[in-house]
Each structure stands twice: as structure tokens, then as C-alpha cells.
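Chains as they are written, first to last, in our numbering: chain A, 1 to 343; chain B, 1001 to 1292; chain C, 2001 to 2381.
No lab work stands behind these hints: they were computed from the structure.
Note that beta-carbon positions come from the ideal geometry of N, C-alpha and C, so glycine has one too.
Be careful, since some hints might not be right.
A short list of chain B residues far from chain C (calculated; beta carbon distances all over 10 Å) [stated by the list, open to error]: (1) V1073; (2) V1077; (3) R1088; (4) M1277.
If the Cβ cut is set under 8 Å, some of the chain A residues that face chain B in the computed set are [unchecked claim]: (5) P128; (6) R131; (7) A143; (8) E146; (9) S150; (10) V260; (11) L300; (12) L302; (13) A310.
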Amino acid sequence: MQNNQHNPFGIKMSKKPLTKNIVTLTALVIAFAVMLVLSEAGILSRHMRSMLVPVCINIILAVSLNLLVGFLGELTLGHAGFMSVGAYAGCLFSIAMKEILPMAIRFPLAMLVGGLVAAVFGVIIGIPVLRLHGDYLAIVTLAFGEIIRSVIINLEFTGGAAGLKGTPQDSTFVIAFIVVMITLILIINLVNSRHGRAIMAIRDNRIAAEASGINVTYFRMLAFVMAAFFAGVAGVLYGHNLSILTAGTFDYNKSIELLVIVVLGGMGSIRGSIVSAIIITLLPEVLRDLADYRMLIYALVLIIMMLLNASPRFAAVKAQFSPAALKAAAAAKKAAKEGNANE
Amino acid sequence: MMDFLSTLISGLSLGSIYALIALGYTMVYGIAKMLNFAHGDVIMVGAFAVITSVSMLGLSPVLSILISIVCCVVLGVSIERIAYKPLRKSPPLAVLITAIGVSYFLQSLALLIFGSTQHSFPKIINMPAIELGELTIRGNMLITLVITTAIMAGMSIFINKSKTGKAMRAVSEDRDAAELMGISVNRTITITFAIGSALAAVAGLFYGTTYGFIGPYTGSMPGIKAFVAAVFGGIGSMPGAMLGGILLGVIENLSKRYISTELSDAIVFAVLIIVLMVKPTGLLGKKINEKV
Amino acid sequence: MKKIFAIALAAMMITVMFAGCGNSGSDDASFVIGGVGPLTGDYATYGISVKQGAELAVKEINEAGGINGVPVELLFEDDQVDAEMAVNAYNKLMDDGMDVSLGAVTSGACIAVSEKANEDGILMLTPSGSQVECIQYPNGFRICFGDPEQGVNAAKFLANNNVAKKIAIIYDKSNDYSNGIKETFVSVAPEYGLEIVSEQAFTNQSNTDFSVQLQTIAGTDAELIFLPIYAQEAAYILTQAQSMGMEHIFFGGDGMDGIVEKIGADNVSATDGLLFLTPFDTQADEQNIKFTADYQAAYNAIPDQFAGDGYDAIYTIKAAAEHANVKPGDADFNEKIIAAMTEITVDGTTGTMTWSADGAPEKAAAVVVLQDGVATPYTAK
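Please put together the full structure from these sequences, using the hints given.
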């Protein structure tokens, strides 16, 4: 048996990724069903209900950003830029088609349009960015995000600083959830495919990956375009959830908020991104009653969570309560019991 | 021509403030290998320290500048001790997020203490505008320019000649090797944060005297621009940070004057992207040799 | 495992959400007025002013026995100028039993909220949402002037009083209020014989250094600089213009209000001769003097127009409820109070107002001139 030192009980520490992901998806579907029932039955407060769609949007954004930060290993600070491009494209499409197409056709098309336009921007931005790594790449993506925002403010057809108005409010929890599921299935599939392994190989050692015949440029571009596409789709959902779209929403603070979600959830962990997207979206809203101290506490929670994650003592405590350890303890108990019975 | 010159001078003055902040960014990056996003907010704290001691406590300007520097140094070092040191072995992104948390923390603390309105900065440095023929130069800009140049020259000498400066360069070059040579890495990092924060206090002072107002969020925009400047010049390189900061200020003002005031932000970022396309590690950044 | 910690936190938060809604539901023992605005972030000062002005009015009304005998309760939520957060806040207020909404303090957030308020059919009276679309629905009303209106008023004033003919403008490209006024002003300027010699912009990313814009204007033959912007940025511009030795006339819109407070005692000389259009003057009449004194006593700050707007909004709601003679919980409360809005006249701190069905107030705009930090009504020379 390998890994004996870390795993003295011989229990498989991590299940196969596929099983793990099926568990995640199932849990998500159950959570969705519960929320839907609660919301339809009127048990859920309006405040909570109004956050269902934003939570879904942030899950899509976080998972797609995780593709870049977690799986490709490149820090980007311009995710909000892709989101805004998608949002504007999708909303302009919907406004133009408002009277022509029924919602059932218009909205999916709007999402496709938003996603594709964002993907095109992914290519445009991806080409120059591919020369860069690390912090240089981070700053260039931040710069692109800011340029996009600045240009949107200066254009006429985007409504400028006053914002884009008149988008039909098509986003519902059910639609948003369906998009979340499609996104997750596509991204999980990508990650677990040959392509995904190639992307992770680039992350772990780019030169070694290149030497083993992986086309680094192609796969980096693929990850970029995929992430941009889904960010664009999330943007369309966002734009159709509110009656006004302003460029100011998509500043670097938004990108940083998304990055916080991904890092808190654990880079390269899709399940982590989902859970953390839920927490980070709800946290400021839950803390509303604390009024003036809200942002202060949010900041403290952020710092403390990062410090706890890194603390060896906390890791030891956590390990005691991990499912593996609990299972092991239960098994030991059972064995002891059986031993007793045999006597 | 006069027009061009005065735009250039105001750009240099703005750029020298960016350069001071960028120096702090780049030193911390070079030595602790982390992006200290809270650096911009230390400027705000420094400026508020001056406001409090001059306007509220009625202390003399010199004394309050010293108080402000001490405040920032203590703050910078304690941030490093409490929030960053436990994360030294964590991935750089985890440290980045903590730094963002610290930045939010400082901003919301300042909001609670000083309220949301911006406070006017006491006129510590009072110098009338100088007129050279048709050219009018604001006194504060000139002072900012002269003193920041002096500080940057001093920093260069310190880094290149002094023992501590050499230790800092050694740690930034190779932390493990430096430790083996008997350099205390922890001490060097603490000194770096102390110097960076002291520079931030000075930047806060000049920011305050040049622009006149300080609020809880004042530090964030110059912080971001200084980060851009540091990368522009090649992050980790001190001359790079100075050059990057000054160029950024000059480009910003020239594009405002001659191209478009609406799009000046976009132009600054576009220039940055073009430079990084041509020189992927910034203007003076070292080429990183990748090893398998 | 980190995930367990995270899931526990998530579970805890969801429980809090449910707990939050447990005590909701509107009891009709109080008249709940809900406001949304920035209480943190870059624009916090506007939200806080509105909130404090409204609080003061609520306190006064409750001391005098409430509205139609029902005590008033003011709930105010933060939106950080974000439309999504504003809608969340609005929904939370609905959970808490809001009877009348103050919309949102800033236009973008207010437009998002107006959509929801329209669905709910409650009266929405925004103190300061100045974009046209803020009050696009029949239930929407506002206290402040609309952006286009201000642009026209500004041009009209300059032409009628022959203040200046050659105008330069500095405006905030990233701000809807500033853009809205500037665009109307520029489009009507020729009608009033005004010539725009220079248009200079800035954005919220570069709103501290105005040396280039001012230098450019100094190089033209502009006589007057129009600043359709907020007081904070104006404070930067005026102090920098002073230190550059510029002697132009400066002229602002209602966003300029509070400039004396913002610019600070050290720099107050920079505001000498500044003209601005405002419906709010701290010393206009006895009511305003009392309001200013009470506000100063309560919050240790001089009220600005936003505070006046918040204060007036509460009294307007009171007047409408009393005119319609309704209390929360009455059968046609919403319909009656909305209908009453077009029938009342309110003498507020920001002027005497009446409303038409489109929701915009009818009130006089006065121009004041500052000298040594004191505003006096402008008199044509």
C-alpha cells in the first residue's frame, strides 16, 4: 500500500473525481429543489429570494474563474471585464429583440450572444496575454478590464455612465440554476478530459508539459476562451436580473471579489468554489443588521479564514473532524465492538 | 511649448508620488514575494495621522510628520507580523487575499473613525506658485518633485551601499542562500515593511499637500496606479518602480492634455499593455530564466 | 477539512436568513419608511446625509405624535451604489414591513429599485435620484430636480443674468448625474447665446488631479467654468484653481451644495464668488435655520442638500398620508397615498413643492453666491 504514512487505516482518502463531482452535482440539485420549494411556499424571505439568482451568477463566475486561476494556474484580475462585455452584448440583443422574439427563444439566444461576444474578447485579450505570466499577466488582465469599462462609459449605445435601461427582466432562479448546471457539467467534463489534464500539466510545469508535446498556446487559449464565455453568460444573467446595467459595477473590485471567492474555496476545487460563492454572496447581506460594522467584520472574516487555513494547529483540529478521520474512528469502534462480541 | 512644459511638470509631480508608493510595492514584492494590496491604505492612514495631529491636537507640522511616519511604520510592521508572517509558506494568492482583507479592514476602520466625508489636509507646506515667464508652477508640486527625487536618490544609495540594503538585495535574490550566509530573513522582511511604510507616510503627506483632501478610500486609487507603475517598471526592481511611477504620471497628464480627458485612464492602461507586450517583464525587470 | 468549516458557515448563515424572516411581516403598529443608499464606499457621504436628514424628520414627527397617530419607523439600508445590492436591500425592507419606499439615493440604484416598487405598487419617493427613469412609473416621485431640468435652468440663468458668454465645462464622465446635466446644458446653450469653448472630463479613477484640465481651460478665452459635479470633486478643482491663480467665475449645480463644509476652513477663500443653483439654503428661512441648528446638534455637521432632501421626503410622505387620511394597513393605502401626492403642497427645506403625475417636483431654483463661506441669494449686477 502506498501512502501508508498519511493514511494509516488504508482508507481511500479521495474518491475518484467523477464520483466526487456527481456527489457535488446531486447535492446542488437537492439544494436547488429545497430552495425552490421553500421559495414557492413563501417560507423564504424576500430578501433571501432576491439573492438566489445572484448566488447562481456568482457560482458560474467563480467556477469559470477557477478554470483560469485554479486549473491553468494564471492569476487574472479582469474577469469582471468579460462579464461586462457579455452583459452588454446580451442585454443589447434582448432590447433589440424584445418585441420580435418570445422570451423562451430570446433569452437563451441572448445568453449565447453574450457568451460568444465575451469569448471573442477572450481571444482578443488572450493573444497578447499569452506572452505573459504571473503578476504581469494579472496586471494586463486588470488593465484590459479597466479599458473595457472606460470604453463602455464613453460609448453612446451602451448608455454611457447613465447605464443601459430597458432590458427585459428574464432571469429567474430556475433558469439561472439550469445555466449553473450546464456550466458545471461542461467545466467538470473539460477538467476531467485529456484537455483538462493538459491544462493542469501546464500549470504544474509548463516547460515539462511543452516538452511532452502539449500545445501550450492552444490549451491556455482554450481555458481563456472557455472562462470568458461563461463569464459572459453570467453577465447576461446579471443584466436580465436588474432593470439597469451600469459599467461602474464591473470595476476591478468586482474582479477581486470573484478572486476572493475562488481562493477561499480552494484553487482547483469546483466544489469549494460553489460553497464559497454561496458564502461570499450571502455574507455581506447576512451582516446587514450590523450596519456600520458590516464591512469591518467582512474584512476580519476574510483575514481570519486565510490565517486559519494556513495554521498547522487548526489543520490538526480539522483533521480530527474530517470525514476520513470520523470514518476511521467509527471503523475502529466497530472493530473493537466486534472484538468484544467475539470474546 | 509652455503648455507642454507645465503639463510635463504636473505629470512629473503626480508621477513622483506614484513612484514613492510604487517603491513600497516593489520592495515588498522583491523581498517577501507578495503583492501588498494594503499598501495604498497605509498612505491614507499616514495622511490621517497628520490631519489628527495638526488639526485636532494642534501639534507642529514637523512633529506631526514624524508621528505620521512612526504610525505608518508601526502599522506596516504589525500588519506583516499579524497577517502576513503566518502565511509565509502559503501560496502567494492566499497572501494576496489576506492583503485585500487588510485593505478592506483599514478602509472600514477609517470610515468608522473619521466618517465618510473627506477631510481637508492642513497646509503644512505653503509655497506660492512660481512664475517663470509664461510658465506657472504650483509651489507644492515643485516641493514634491524635489523631495521625492532626493528620497529616491537616498534609497538607491541605501540599497546599493549599506549593509542592510545589501542584505535586502540578497534576500530578494535568493532567500535560502541569504539565510545560509547568516542574514536574518525575518528581520530583513520587517525592515522592508518598515521602510515601505515610511515611504507610504511620506507619499501620504505629499498627496495631502498636493491635492488637499483625504478620505477613507483615498488610498485605493493611487495604490492601484502605483501597482501598475511597479509592474510597468518591472516589479521587484527599485529603479524600475521610480521610472514606472514617473512615466505613468507623465503619460496620464499628457494623454489628458493632448488626446482625451475622457479616455485618459484607458490610454494609460493601453500603454502599459503595449510595453508589456514588447518587454514582458516590464521596463527594467529582470528576465526570468525558466528551468525545468 | 476546510470544506466542513465552510459548509458549517454556510448553514449558519442560511439559518440566520430564516431567523431574519421569522419576525418579519408588517404589523401596522408603525408607519415603516424604508430608504436605500450608500452608507459605505466612495459615495457614502450622500447616503449618510439623506439618512440623517430623514432621521431628524422622523424624530420630530414622532415627538409630535406620528403620522395620523401612527408612530413612524425609518429603516435605512446600505447599497454601496450598486444596483444589485439596492434591490437586495429593498427586498429586505419589504420583509421588514416597509409601507413607503424612499427609493434609493443614487440614480442607478433607484432605477433598479423603482422596478420592484412598481411591482409592489407602493409609493416610492426618492430624495435624490435625479435621472429621468427613476420616476418612470406612476408610483414614483422625487424631491430633487431632474438632471435635464438642471441643465436647462443653468443655461437660462447664465443667459438671463448676462453672467458670461464663453463657457468651459469640467464634468465627471463616469457619473450619470454630471453627464446628464452637461449634455442638456451643451445642447441648449446655443439657444441662450452661450458658447462652449472647452469641455473637460474626468472619471472616478482620476478625480483628484485637475491640473491638466484647468491649464487647458486657462489657455482658452473662457470667462466662466461650469462644474455640474459633486462638491467633493469641486473642492479639489477650486483649491487647485486658486493655487494656480485662476480668476474665472465658477458656477455649479445643486451637487455643489455642501462645498463650504467639504472644502474646510483652511481653503474657504477658494469658494469666494462661487455661484450655484440650489433649491436648498441652510439660512433661507426660519424652517431652514431651525433644521440646520437641529441637524448640527444631532450630527455635528452642517446639512447639505441631500440632508434637506431626506428631511423633506419624510415630511412629504406625512403630508400625503394626512391628505389621504390613511394609515398603513388601510384597504387602499397605496392607491390613496399615491393619489394624494399630486394634490399636496409641501413647504420643505428645499423649497415649496407640488407634484405633477409624472412625479417631478415643481419648485423654484435659486442661485446663491458664496463669500467667506456664507451663501447669499444672487442679485444681478
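Minimum beta-carbon distance criterion (8 Å), P128 of chain A to chain B: Where the cut-off is 8 Å and the nearest Cβ of chain B is about 5 Å from P128 of chain A, the hint holds.
Beyond 10 Å from each Cβ of chain C, as asserted for V1073 of chain B: 25 Å, holds
Restraint check, 8 Å cut-off on beta carbons, for V260 of chain A near chain B: 6 Å, holds
Assertion that V1077 of chain B lies outside the chain C interface [Cβ separation over 10 Å]: 28 Å, holds
Chain B contact restraint for R131 of chain A - C-beta distance below 8 Å: This interface hint holds because 5 Å falls under the 8 Å limit.
Restraint outcome when A143 of chain A is required to lie within 8 Å of chain B by C-beta distance: 4 Å, holds
When the least beta-carbon distance from E146 of chain A to chain B is tested against 8 Å, hint result: Because about 5 Å separates E146 of chain A from the closest Cβ in chain B, which is inside the 8 Å limit, the hint holds.
Cut-off 8 Å, beta-carbon criterion: hint that A310 of chain A touches chain B: 5 Å, holds
Supplied contact hint for S150 of chain A, tested at 8 Å Cβ to chain B: 4 Å, holds
Interface hint compliance - L300 of chain A to chain B, C-beta minimum distance less than 8 Å: 7 Å, holds
Nearest-CB test (10 Å) between chain C and M1277 of chain B: 23 Å, holds
Assertion that R1088 of chain B lies farther than 10 Å from chain C (Cβ): 19 Å, holds
The structure fails none of the hints (numbered hints given earlier).
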